[in-house]
Amino acid sequence: MPKSIVKSLSRREEEEGARYISVKIPKELMDEIDKIVSSGILGYRSRMEFIKDAVRDKILRLRVEISGEKR
Amino acid sequence: MSDMDELKSQLYEFVEFRSEPFDVKFILGSCIQLIDRHHVYEALYQLESEGKIIRLSDGRYTTTRVAIKRWIKNKFTEVLVPDYLIREIERILKIKPGICRSTEEFISKAIKEYIEKVKGNGNQMNIPNNNLNKNI
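Listed in order, the protein sequences are those of chains Y and B.
Residues in the first sequence are numbered from 1 upward in steps of one, following this note's numbering.
Residues in the second sequence are numbered from 72 upward in steps of one, following this note's numbering.
Among the hints, erroneous ones may be present.
[What the hints assert, rightly or not] Dumping the calculated DSS-like pairs for lysine-lysine here, alpha-carbon to alpha-carbon at most 25 Å:
(1) B/Lys-190 / Y/Lys-24
(2) Y/Lys-24 / B/Lys-188
(3) B/Lys-180 / Y/Lys-35
(4) Y/Lys-35 / B/Lys-146
(5) Y/Lys-35 / B/Lys-144
(6) Y/Lys-24 / B/Lys-180
(7) Y/Lys-27 / B/Lys-180
(8) Y/Lys-70 / B/Lys-165
(9) B/Lys-165 / Y/Lys-35
Calculated from the structure, these hints are not laboratory results.
The following block holds chain Y by itself, in its conformation from the complex (with noise of 0.2 Å):
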């Protein structure tokens, strides 16, 4: 993952003083969160952690998407 722009959307994050949105996923999904958690290998401590990461992943991907298409 790119850390650079995962910290500089961390550090967005702690600017805005971020509020948070309730959102249903399906249970499955979080029972393999949890296992990824708690296994620690990747070094997540908590499921939101896990779950910011995987959203800003697809948000960066689909950005340079859109900017190789405009251009």
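Start from chain Y and add chain B according to the hints.
Coordinates of chain B only, in the frame set by chain Y:
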């Protein structure tokens, strides 16, 4: 409206939002007027045929609305996502509306893809590899 239609309508109105399953005894006990038990059975039978209520394995009934609500509740779980990420998702969905129908679908897809990605990277790291939800 026939008497049976009237009874069905009143009965359904009475149980529509009831979260607990109910039976004929409960309905008869809740009626102000005396009602023939057979009419209640008939009304329940018709409501079941119309798909408005469901008969459970123990013989009690629940409304389809409540059953679906309960099913959704068991199938999904709530997570908290920062609002700036939600705004970013909404921005992307405006530019590329075809990729997902909703923010929730976007997040579910993002998680699923990310799990596949980290599992792909983590095969040598012994991350448990179970079946991912394929219904998303």
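Against the structure, test the hints numbered earlier, and report the numbers of the ones violated in rising order.
-> 9
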